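Using the sequences plus the hints, can you model the full thing?
Protein sequence lines, in the order shown, are assigned to chains S and U.
For reference, each letter of the first sequence is one residue, going 0 to 636 in numbering that gives the first Met the number 0.
For reference, each letter of the second sequence is one residue, going 0 to 636 in numbering that gives the first Met the number 0.
No wet-lab data here; the hints were simulated from the structure.
Source: prediction; values computed, not measured.
Incorrect hints may have been included.
Identical chains share a label here; the pair holds if one copy fits it or two copies do between them.
Listed below are the simulated PhoX-like cross-link pairs for lysine-lysine, each with C-alpha atoms no more than 20 Å apart in a straight line [to be verified]:
id	residue 1	residue 2
1	Lys256	Lys135
2	Lys136	Lys451
3	Lys144	Lys451
There are 2 protein chains.
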Amino acid sequence: MEVTRLNFGEIIPELENDITSSHFLAIDGEFTGLHTGQDFNAFDTPQQYYAKLRSGGMDFLLVQLGLCTFRYNKDTGQFTHKAYNFYVFPRPFSRSAPDPRFLCQSSSLDFLVSQGFDFNKLFKEGIPYLTEAEEKKLREQLEEKQKARANSSSSKNEDSSASIPIPEEHTELIEDVCVRINDFLSNDEQDELILDGYNGFVRKLIYQTVGERFDSRSMHVETRAIDNHNRALVVTRALSDEDRKKKEEERQEQEKKELDTAVGVSSVIRMISQSGKLIIGHNMLLDICHILHQFCTPLPESYSEFKELVTFMFPRILDTKYMSCMDPFKDQISSTVLGHLHKTLSGEPFELVNVAPAVEGRGYASAEEKAHEAGYDAYLTGVCFLTLANYLGSLEEPAKKPVLPNSPLLRPYINRLHLMRVQDVTFIDLTGEDAEPPRDHVFHVTFPKEWKTYDLTQLFSPFGSVYVSWLTEASAYVGLHRRDQAQLVLNTLTQSDTYSVERYTEHVKRIKQTQRQCRCHRSSHSSQIYSPRATSQQRKKRSLEVQLTSTVQPLSSSYNSARKRSRSFGDIEPIPEEETEAEDSKSGKGTVAAVAGGLAKVKRKKGKQGATAMFLAAANISTGKRKQEFEECDSWE
Amino acid sequence: MEVTRLNFGEIIPELENDITSSHFLAIDGEFTGLHTGQDFNAFDTPQQYYAKLRSGGMDFLLVQLGLCTFRYNKDTGQFTHKAYNFYVFPRPFSRSAPDPRFLCQSSSLDFLVSQGFDFNKLFKEGIPYLTEAEEKKLREQLEEKQKARANSSSSKNEDSSASIPIPEEHTELIEDVCVRINDFLSNDEQDELILDGYNGFVRKLIYQTVGERFDSRSMHVETRAIDNHNRALVVTRALSDEDRKKKEEERQEQEKKELDTAVGVSSVIRMISQSGKLIIGHNMLLDICHILHQFCTPLPESYSEFKELVTFMFPRILDTKYMSCMDPFKDQISSTVLGHLHKTLSGEPFELVNVAPAVEGRGYASAEEKAHEAGYDAYLTGVCFLTLANYLGSLEEPAKKPVLPNSPLLRPYINRLHLMRVQDVTFIDLTGEDAEPPRDHVFHVTFPKEWKTYDLTQLFSPFGSVYVSWLTEASAYVGLHRRDQAQLVLNTLTQSDTYSVERYTEHVKRIKQTQRQCRCHRSSHSSQIYSPRATSQQRKKRSLEVQLTSTVQPLSSSYNSARKRSRSFGDIEPIPEEETEAEDSKSGKGTVAAVAGGLAKVKRKKGKQGATAMFLAAANISTGKRKQEFEECDSWE
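This is the structure:
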């Protein structure tokens with residue numbers, strides 16, 4: 000079902016119940032953009048990948064959150080689902096509320112609108128959100144404001160000595176306004192007098208003059224926005240003390256309600272977090288990052304803090320993209336694009352799990368084509384997960400069906416996030432050290448800046464075909480398809496005047512050294528790729544780590560299985576017919592994109608170190624009750 | 000009338016005719032946002048203002064361009080108008096086309112949608128655009144691509160030696176595909192065979208195998224996007240040489256047409272520029288900046304290059320906001336907000352000029368309320384301009400009516416752009432040195448970071464009320480309302496342990512010195528405010544300056560009139576009742592906004608110096624015919 004700010008309040012109790020009683024959840028997001036530029040490199044380490052994602056992608060907005068709850072009925076042996084599509088838009092609810100700026104990628108908006116996404120509904124009826132820090136800040140500000148109001152009503156005009164002299168050209172106007180106010184006060188015809196059409200300076204003069212000439216016990220002046228853009232002064236008759244008090248109470252009530260409403264989607268994320276349920280996503284790194292960054296706390300610079308943050312908020316997640324790239328699925332699934340995966344799982348040897356809507360009108364049928372509606376994609380992801388899980392069960396002796404979310408069979412896939420566009424199955428291991436994907440067959444090559452991909456493939460042609468991943472206009476990583484040729488390359492392609500070839504690992508080591516040197520004088524040209532681990536807040540973190548390791552079971556690396564699949568490529572170099580276009584964008588060396596729309600790189604404010612630790616410490620309180628529920632849930636199989 | 004990409008091609012001839020036969024044009028833009036943050040300072044110099052605008056505002060998108068053409072009919076003595084609303088959106092027309100990223104401000108989108116702006120129409124039917132540099136680049140790329148196609152059709156499989164070994168897990172799949180292709184080729188039932196559901200690596204393997212096993216004269220394989228996101232291989236039977244040639248010609252024709260269409264709105268701007276007509280706008284600095292940046296060439300870092308660029312593209316512009324802030328209007332117009340201005344000009348002593356639509360359905364009636372539709376605002380601006388101009392004529396002896404765009408009475412207002420939020424009437428003088436607004440009454444004050452506005456007003460209270468303009472959490476500019484007290488401040492508020500007070504001019508001088516020192520080692524903390532004048536391309540520029548000065552008449556500074564109005568404020572400090580909110584945002588010191596949506600600061604690529612000069616040199620050719628037309632037009636009064 001569609002959820003906007005018009006029905007958000009209504010559905011909350013139902014949603015809360017659905018989440019609590021579910022056996023697992025699936026999520027998906029739609030975004031205003033994906034990449035700020037051609038940033039990722041096919042041989043990025045997980046840490047480099049995270050740093051790039053954080054600096055390049057978090058300024059797009061998650062505009063639709065799909066949530067699908069799945070519930071298993073023991074009696075029927077069937078799963079049912081309920082799907083929610085939240086429209087998300089940070090419409091500022093007051094002048095002091097955050098007014099976020101966010102980035103859009105033209106092709107992404109074009110894609111969404113071509114899929115029927117309703118942007119008018121988004122901007123009109125989207126549900127707002129606040130991070131915990133924003134909410135706290137706003138609550139404090141509101142309290143101060145209300146206090147200030149209480150004080151100001153008792154004291155008035157304390158600094159009339161410092162009033163602005165009225166410029167000659169405005170005296171007539173000011174006198175005229177005073178006459179109008181007098182007229183207004185001397186008869187009861189109107190409830191209020193609107194003084195519109197004056198700029199801020201004139202409004203200030205009027206305000207000042209009124210304070211000097213009129214009795215504040217008989218009248219009240221306030222500023223009001225009259226058509227979103229313009230502000231007018233509004234004069235009303237003074238209220239009795241009792242009426243004034245009542246009005247103030249109503250106003251405070253209204254302000255509190257506004258703020259509660261403004262928490263919006265963030266409260267859904269908090270609910271999901273508190274539930275501790277297994278969360279399924281397809282290629283979900285970007286979704287997870289956006290959800291944390293937008294609704295919880297800005298993504299930390301430190302990669303290890305990021306891992307802590309994810310596992311703290313979502314202790315059990317499973318990425319169906321990662322799962323379907325691994326044994327025993329990888330040989331049977333030729334494309335892990337969600338739609339393709341679903342199609343493949345609909346045929347032999349798989350048995351697609353049928354998941355009916357729990358309630359008419361609150362879900363989907365598999366046959367429906369609503370691809371790229373976040374709720375539908377979440378639903379499809381959940382169905383794929385169940386089908387994959389049951390396949391694992393079918394391989395057991397005796398066969399096991401259904402395989403439920405807490406089955407040990409799922410352990411190798413839990414808390415691992417697939418990395419797109421990186422060679423070999425590379426993933427973020429949220430609860431351990433990342434496995435190092437094989438890079439023995441990869442070389443860092445420098446060459447004249449006139450060289451194109453063709454020159455590199457020629458250079459390496461004695462060793463078979465290669466994968467070229469550009470770094471700068473005069474350097475690239477080159478990966479061999481025939482990995483057994485690596486030593487031969489090092490024996491043959493020694494340094495020349497034209498080019499240089501070195502092992503990938505040596506190059507990475509050298510960069511790390513340079514970066515360590517640079518860090519001392521923080522020169523502006525140092526790359527952001529290797530984010531130095533934040534050293535602050537160590538104490539808080541250590542205590543958190545203890546909590547974290549006690550909740551989340553560390554898993555032994557299943558890297559061996561990834562190693563076997565050494566010749567599969569997540570995203571490979573284009574086929575010749577596609578190459579022309581890719582070549583274009585290479586030879587353009589980014590200038591077209593840069594010229595085009597002002598390629599945006601977003602700087603973050605300094606001084607956020609330790610923000611994550613603070614968030615975790617604060618969040619810890621509100622998610623305190625989770626562990627218990629999680630254990631209860633553990634016992635349902 | 001609304002113009003989208005559906006009717007854009009059709010209306011071009013009519014539009015061209017309207018522009019050429021018009022007597023002046025009015026423009027207005029709607030944007031996805033205005034400010035990246037609380038950047039502007041009330042005492043910015045025009046150069047500082049430009050630097051901030053350029054670095055902070057140009058990443059928003061102009062999404063609607065309003066153009067209103069005004070034509071005077073000598074026989075009737077009446078003006079008529081025609082209004083166009085162009086929806087503007089840079090939908091990438093191909094994979095190699097620019098895919099701009101742009102910024103949105105939540106409150107701006109909220110505002111637009113509340114005014115009925117249709118974002119679905121924008122993203123679906125918006126008209127694209129290309130700067131001249133982008134267009135040139137794309138034309139070159141297209142030519143290269145077409146050449147590459149011509150070459151590749153003759154030579155095939157030249158590097159099959161470097162083919163990728165097919166991994167074991169894919170052999171069955173590849174064999175299966177070959178069988179399907181054989182089947183397809185051996186009967187005529189289908190026109191094409193779509194091989195869908197394979198990832199890029201598998202597609203590459205298929206492509207490679209097909210090249211090895213099948214005769215390229217009997218079949219053709221290409222990649223096609225099948226649902227915007229996914230790509231499939233499409234196999235077709237080979238064509239006869241003649242058919243192939245014909246198909247290639249059609250394809251080239253189609254590609255050229257696509258590129259022509261992609262120039263879109265930029266061609267309208269070029270038309271306007273070539274016409275050399277007087278262009279009216281209300282508070283038009285932002286409009287002019289966006290139009291140049293988005294449709295012509297990225298705004299130059301150098302302020303003087305910016306002025307050259309504007310006057311070159313639009314040799315005569317008039318800002319009704321500036322005009323109505325100046326003599327003889329300033330005393331009679333208490334708010335220069337467009338709606339207020341229009342209302343004021345509808346009453347005595349003004350005589351609102353009635354401008355009927357030239358054609359039914361192509362314009363507005365004054366009574367209509369379509370505020371913030373760009374075309375309507377442009378129309379209203381033109382009407383205000385005519386009314387202001389006629390008022391000038393009415394003061395002449397004998398009275399002159401109508402006052403037409405080339406009247407000498409308008410000279411004091413030509414090519415001056417009003418600066419919002421800056422104290423005193425501060426403006427950019429496009430064709431001369433900027434006048435320095437009075438700053439004798441302004442002081443740079445430093446103080447403990449705990450201080451708030453109240454502490455500053457207390458400190459200065461002996462000298463009357465003050466205007467406080469924050470710089471950092473521990474410094475601010477403080478302006479006296481009673482400017483005659485300036486010397487007294489310097490005599491009284493000498494340095495103390497707690498605070499320091501120095502003249503505005505001294506502080507600015509000091510900053511400039513520091514900046515000159517910093518420039519040597521380009522440390523990252525140096526502020527961008529004082530953009531150093533670009534020194535490159537001096538030769539080109541000098542030759543341009545000669546051209547420019549011969550076209551545009553330099554105007555003697557009319558600064559004296561601005562000086563007289565020394566006590567008027569463009570944007571003033573809030574009145575007490577409004578202060579709470581302002582104080583909130585001060586005490587927040589930007590953190591809420593920064594946390595909120597990832598406050599975006601956009602870095603520009605280096606190496607653009609001289610881009611403006613290059614643009615001007617190139618544009619010079621295409622606008623070569625302008626001067627003559629401009630002179631012809633001069634003779635119509």
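Going through the hints against the structure:
1. Lys256 with Lys135: Cα proximity of lysine 256 and lysine 135: one copy only (15 Å, versus 55 Å across).
2. Lys136 with Lys451: between (53 Å within a copy, 18 Å between copies)
3. Lys144 with Lys451: So lysine 144 and lysine 451 pass the 20 Å test across copies only (15 Å; inside, 62 Å).
Hint compliance for this structure: no hint is broken.
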